[in-house]
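S.K.: The chain contents come next:
There are 2 protein chains.
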Amino acid sequence: MSEERLIYLPLGGAGEIGMNCYVYGYGKPGQERLLVVDMGVAFPDMDGTPGVDLIIPDITWLKQNKARIEGLVITHAHEDHVGAVGHTFEALGVPIYSRAFTANIARHKLAEYGIEGKAVRTCSPYPEVTRIGPFSVSFVPISHSIPESSGLIIDTPAGRVIHTGDFKLDTQPLVGEAWDPELWTEISKGGVKALVCDSTNVFSRHPGRSEVIVGPAVEKLVEEAPRLVVATTFASNVARVKTLAQAGERAGRSICLLGRAMRRMIEAAVETGVLKDFPKVVQVEDAASIPRESLMLIVTGSQGERRAASAQLSRGKFNGIELKEGDLFLFSSKTIPGNEKDVIRIMNQLSEKGVDVVDDSMGDYHVSGHANRPDLETMQDVVQPQIVVPMHGEHRHLRAHVGLSEARGRQGILAVNGMMIDLTGNAPKVAEYIETGRTYLDGTVQIGALDGIVRDRIRMALNGHVVVTLIMDEEDAPLGEPWVDLMGLAETGRSHVPLVEVLEADLSQFIGRAGDKTLTSDDKLEEGLRRIVRQTCLNEIGKKPEVTVVVSRLS
Amino acid sequence: MSEERLIYLPLGGAGEIGMNCYVYGYGKPGQERLLVVDMGVAFPDMDGTPGVDLIIPDITWLKQNKARIEGLVITHAHEDHVGAVGHTFEALGVPIYSRAFTANIARHKLAEYGIEGKAVRTCSPYPEVTRIGPFSVSFVPISHSIPESSGLIIDTPAGRVIHTGDFKLDTQPLVGEAWDPELWTEISKGGVKALVCDSTNVFSRHPGRSEVIVGPAVEKLVEEAPRLVVATTFASNVARVKTLAQAGERAGRSICLLGRAMRRMIEAAVETGVLKDFPKVVQVEDAASIPRESLMLIVTGSQGERRAASAQLSRGKFNGIELKEGDLFLFSSKTIPGNEKDVIRIMNQLSEKGVDVVDDSMGDYHVSGHANRPDLETMQDVVQPQIVVPMHGEHRHLRAHVGLSEARGRQGILAVNGMMIDLTGNAPKVAEYIETGRTYLDGTVQIGALDGIVRDRIRMALNGHVVVTLIMDEEDAPLGEPWVDLMGLAETGRSHVPLVEVLEADLSQFIGRAGDKTLTSDDKLEEGLRRIVRQTCLNEIGKKPEVTVVVSRLS
Numbered sequence: 050m051s052e053e054r055l056i057y058l059p060l061g062g063a064g065e066i067g068m069n070c071y072v073y074g075y076g077k078p079g080q081e082r083l084l085v086v087d088m089g090v091a092f093p094d095m096d097g098t099p100g101v102d103l104i105i106p107d108i109t110w111l112k113q114n115k116a117r118i119e120g121l122v123i124t125h126a127h128e129d130h131v132g133a134v135g136h137t138f139e140a141l142g143v144p145i146y147s148r149a150f151t152a153n154i155a156r157h158k159l160a161e162y163g164i165e166g167k168a169v170r171t172c173s174p175y176p177e178v179t180r181i182g183p184f185s186v187s188f189v190p191i192s193h194s195i196p197e198s199s200g201l202i203i204d205t206p207a208g209r210v211i212h213t214g215d216f217k218l219d220t221q222p223l224v225g226e227a228w229d230p231e232l233w234t235e236i237s238k239g240g241v242k243a244l245v246c247d248s249t250n251v252f253s254r255h256p257g258r259s260e261v262i263v264g265p266a267v268e269k270l271v272e273e274a275p276r277l278v279v280a281t282t283f284a285s286n287v288a289r290v291k292t293l294a295q296a297g298e299r300a301g302r303s304i305c306l307l308g309r310a311m312r313r314m315i316e317a318a319v320e321t322g323v324l325k326d327f328p329k330v331v332q333v334e335d336a337a338s339i340p341r342e343s344l345m346l347i348v349t350g351s352q353g354e355r356r357a358a359s360a361q362l363s364r365g366k367f368n369g370i371e372l373k374e375g376d377l378f379l380f381s382s383k384t385i386p387g388n389e390k391d392v393i394r395i396m397n398q399l400s401e402k403g404v405d406v407v408d409d410s411m412g413d414y415h416v417s418g419h420a421n422r423p424d425l426e427t428m429q430d431v432v433q434p435q436i437v438v439p440m441h442g443e444h445r446h447l448r449a450h451v452g453l454s455e456a457r458g459r460q461g462i463l464a465v466n467g468m469m470i471d472l473t474g475n476a477p478k479v480a481e482y483i484e485t486g487r488t489y490l491d492g493t494v495q496i497g498a499l500d501g502i503v504r505d506r507i508r509m510a511l512n513g514h515v516v517v518t519l520i521m522d523e524e525d526a527p528l529g530e531p532w533v534d535l536m537g538l539a540e541t542g543r544s545h546v547p548l549v550e551v552l553e554a555d556l557s558q559f560i561g562r563a564g565d566k567t568l569t570s571d572d573k574l575e576e577g578l579r580r581i582v583r584q585t586c587l588n589e590i591g592k593k594p595e596v597t598v599v600v601s602r603l604s
Numbered sequence: 050m051s052e053e054r055l056i057y058l059p060l061g062g063a064g065e066i067g068m069n070c071y072v073y074g075y076g077k078p079g080q081e082r083l084l085v086v087d088m089g090v091a092f093p094d095m096d097g098t099p100g101v102d103l104i105i106p107d108i109t110w111l112k113q114n115k116a117r118i119e120g121l122v123i124t125h126a127h128e129d130h131v132g133a134v135g136h137t138f139e140a141l142g143v144p145i146y147s148r149a150f151t152a153n154i155a156r157h158k159l160a161e162y163g164i165e166g167k168a169v170r171t172c173s174p175y176p177e178v179t180r181i182g183p184f185s186v187s188f189v190p191i192s193h194s195i196p197e198s199s200g201l202i203i204d205t206p207a208g209r210v211i212h213t214g215d216f217k218l219d220t221q222p223l224v225g226e227a228w229d230p231e232l233w234t235e236i237s238k239g240g241v242k243a244l245v246c247d248s249t250n251v252f253s254r255h256p257g258r259s260e261v262i263v264g265p266a267v268e269k270l271v272e273e274a275p276r277l278v279v280a281t282t283f284a285s286n287v288a289r290v291k292t293l294a295q296a297g298e299r300a301g302r303s304i305c306l307l308g309r310a311m312r313r314m315i316e317a318a319v320e321t322g323v324l325k326d327f328p329k330v331v332q333v334e335d336a337a338s339i340p341r342e343s344l345m346l347i348v349t350g351s352q353g354e355r356r357a358a359s360a361q362l363s364r365g366k367f368n369g370i371e372l373k374e375g376d377l378f379l380f381s382s383k384t385i386p387g388n389e390k391d392v393i394r395i396m397n398q399l400s401e402k403g404v405d406v407v408d409d410s411m412g413d414y415h416v417s418g419h420a421n422r423p424d425l426e427t428m429q430d431v432v433q434p435q436i437v438v439p440m441h442g443e444h445r446h447l448r449a450h451v452g453l454s455e456a457r458g459r460q461g462i463l464a465v466n467g468m469m470i471d472l473t474g475n476a477p478k479v480a481e482y483i484e485t486g487r488t489y490l491d492g493t494v495q496i497g498a499l500d501g502i503v504r505d506r507i508r509m510a511l512n513g514h515v516v517v518t519l520i521m522d523e524e525d526a527p528l529g530e531p532w533v534d535l536m537g538l539a540e541t542g543r544s545h546v547p548l549v550e551v552l553e554a555d556l557s558q559f560i561g562r563a564g565d566k567t568l569t570s571d572d573k574l575e576e577g578l579r580r581i582v583r584q585t586c587l588n589e590i591g592k593k594p595e596v597t598v599v600v601s602r603l604s
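Chains A and B, in that order, are what the protein sequence lines are. Position 320 of the first sequence, counted from 1, bears residue number 369 in this note's numbering, the numbering being contiguous throughout. Position 33 of the second sequence, counted from 1, bears residue number 82 in this note's numbering, the numbering being contiguous throughout.
Hints listed in this document are in silico derivations from the structure and should not be mistaken for laboratory results. Remember, predicted model here, so these are calculated numbers, not experimental data. Treat the hints with care, as some may be off.
The calculated BS3-like cross-link candidates involving lysine-lysine, where the alpha carbons are at most 25 angstroms apart (straight line), are [stated by the list, open to error]:
| # | chain 1 | residue 1 | chain 2 | residue 2 |
| --- | --- | --- | --- | --- |
| 1 | A | K402 | A | K373 |
| 2 | A | K478 | B | K402 |
| 3 | A | K325 | A | K269 |
| 4 | A | K77 | A | K478 |
| 5 | A | K478 | B | K373 |
| 6 | B | K478 | A | K402 |
| 7 | B | K478 | A | K373 |
This is chain A alone, in the form it adopts within the complex (with noise of 0.2 angstroms):
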């Protein structure tokens, strides 16, 4: 068991859309130097995560093995790639490396944190070689929805593996580099170990479509528009972003950027030079003044977002902006699974106020930026890699691309966060399972997904909270009656009178029949208290609330 090895740890992002966080190691079992590659979020939902703001990689294991961590890579700056920078960086302190794009918005959240912009080491991509630790590492480029989107090579003496990042085939991208199968040969000839290869489109039949397509049907859209024109997308798909001003711009409108996350990403690609030739913007400020038929908006809020500029357009004037009867307003998006609802409000509320709501729904206005199946076999056809290891896709993904590998000839291995996998060998296998989850940033804080602390707001959001006080005098008497305060409960049930009356009167015949073995036992009196709340209200209305009882005794 001396023997050195190659390892692959998935933190976040296997078994799950969003959060990635990928971990390899080479050396000795127990002591392998760690690279880790990207740091990213998932979104909370009322359903799972309310009050929530934001979903992190649980790095706990990563915290245990900080000394032997010689840094983080970033494949490209999504959130679910790059969000958690600023979150964890205190935490791992190790160093950052990334291409330029992806280091100005990770320098931007580290910054939120006070943290130095030279944390972050900016990469030229491919031939470029970093070494670090025991890996040497090149950042392919690769298309994909947002600039720089990079595959790694990840050279170690156990072989070479490549970690395609998200990524699709497009050989016309508009901003950023093309697919380019030349280089990925070139890179794959001396022989590739193992392909990490993202997951998330494997049911698409199809081969994907080119960023290219989206331009022409938005240029006939925006020149056919007889007044205000406002188009939403993914604020980090700059290309996207380039589309629809240009579309703008060739119909005579200005064009006017709404929403910060908009201006940064298009400010950041700018700054780095992967973005030329971008239409002249016109300020805010400026906008309300020009006639509606000759300006569009560039908002986020593709996805519903409630405080998003299109979710503010929606509901009232923003930025002195108000959408009236006959604007148009184009989603140049897909609608991420769980947001359905809040883009359908904000549909309507545009429909409220006449406004011509244009989705993607007929396949015209958007094309998804990751690999679909036939570009997956692509990929296994180029790279030619001894073992497939899907990642970035839920359980269904990850094990319908293990099925396309091994229907292809190729070993593929089915890992999910927390399987740490030994590539070393001919075969890969299981090394060892780590305990691992979400953390949660909650306000300021972060809480473990299974600290309960989650758990109990969904059960006063499902059942409703009952509060009891009872004051116990100094010889274990009950000073008074049992006070109850209701809160998310119907305030009548069944016998049509106010609940919290049949409640305390049930409370107080119970206290009164209680025996001095209760009355003298803090747990026995909670137990029968709660108890009673709850059978009571099952008879008044049919529910079995979350209760507290405070017990307080004088003394």
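With chain A's structure known, arrange chain B on it following the hints.
M.R.: For chain B alone, coordinates are given in the frame of chain A:
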């Protein structure tokens, strides 16, 4: 103003998908005799209605005008049309009219409330006419995704209204009546005042597809499946259930229906004669002993409902059956917006069991039950109404449907829930705005959507809940310290001391400084304590919780 008039008043379904409830009236203003069409439900979700069991129409206006209601007509047996008959019957107490299959379902719903079946009168289809107050009503067969869906002819002295109900133009619906353009031409030939028309699919550009196309694809899939096959669809889509069962039968498999709703619907369809030649089914007790390659389960839960058969099977053994590697699970359904995450959860759990999941993402295994845009145009061409009144749709659907009508030179009017429309004259006009909303069935109690109860639950879920108890003695001096309980909040924040302790210290300090004016006033004390809790929590954990303050005064 003493002229008699014909009014239309949607109380549900207009401005939303689901919870259909429409009112027609004829008579002198304010004295119209009323006919209610449909009494459906909508389904709650964690986002907006946590803990709620069912959403039903707000029938306040109907109760106020109870004496004027002549009857309730149900167009078809989908939950969003019939689901609230039981919950509202006692309050309205009017006779219910429907065709046999729908009546069968409605009677079961009434029976849950102990209401006798004779409350529902079974009607035969057109040309039978049922006189209901000043209305002559006929049920006109039309195709939809449930048997015996019917449009309504509503004849009044002010002219004929055609209320389509939910429909599609399917000439081969497999079960139930086909779309019959000659019949619909016949009922329209005397002139139609208003076409009140389903709008849900107005954004679908292509003509709707027939139920008949699903069969061959499903047959091929089932034929090729090597192990157990499980298929789920909407239980009420009896034609689909039959298609699935026949595919199984042709592949030599025994068919077993799993889930109460599935068995109930098939039973109702057989009892009422709408379903014939359904393959023989085996009981679930016998299914476990059948070799898995010779068995097909047809199960409930296509929307990911947590207690339905699909979810149970995805989690583990259900009724003695356990899914395994190589089994096939078919979703012959679409996912209703908002249910995506629940459906995806099941797909991933199935994937973890090694089950191959197939869904309709490529359009092979499901067709919609609603009329698409070209079908709506056909309907208008057949009926040639004077006015089109779009119903059943969100605001954006209704608006697009009005636009479609106007583009074809017909008057359309956009009426959302609560807008009473006068249809008497040549041009429809808004007669009145009725205050209406939604009622929540919460446990066994009906609460108003605006009662604040659900709002409080959402706040607790987002912000957590802090309970402060304080005892004041006979002299209005605090007896001991304030006591704090947390629910749904982090235990420790910025100062690394338990949050409870920080709060109690800050509250004690406040109490110590408080003057008599505060100490003698419950309101001032509560306000002060609440303010401190929120401020301290904001400092410590970055959240402002909900606060319940209980001040007990000894006297």
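S.K.: Are the Cα atoms of K402/A and K373/A separated by 25 angstroms or less?
M.R.: At roughly 6 angstroms apart (the allowed maximum being 25 angstroms), K373/A and K402/A satisfy the hint.
S.K.: Mind checking the alpha carbons of K325/A and K269/A for me, to see if they're no more than 25 angstroms apart?
M.R.: 23 angstroms, holds
S.K.: Between K478/A and K373/B, does the CA-CA distance stay at or below 25 angstroms?
M.R.: Answer holds: K478/A to K373/B is near 23 angstroms, not above 25 angstroms.
S.K.: Is K478/A close enough to K402/B, meaning Cα to Cα at most 25 angstroms?
M.R.: 20 angstroms, holds
S.K.: Given the proposed pairing of K77/A with K478/A, does the C-alpha separation stay at or below 25 angstroms?
M.R.: 16 angstroms, holds
S.K.: Between K478/B and K373/A, does the CA-CA distance stay at or below 25 angstroms?
M.R.: Roughly 23 angstroms between the alpha carbons, so the hint for K478/B and K373/A holds.
S.K.: Given the hint that K478/B pairs with K402/A, test it: the Cα-Cα distance must not exceed 25 angstroms.
M.R.: Given pair K478/B, K402/A holds - Cα atoms ~20 angstroms apart, limit 25 angstroms.
When held up to the earlier numbered hints, the structure conflicts with none and fits them all.
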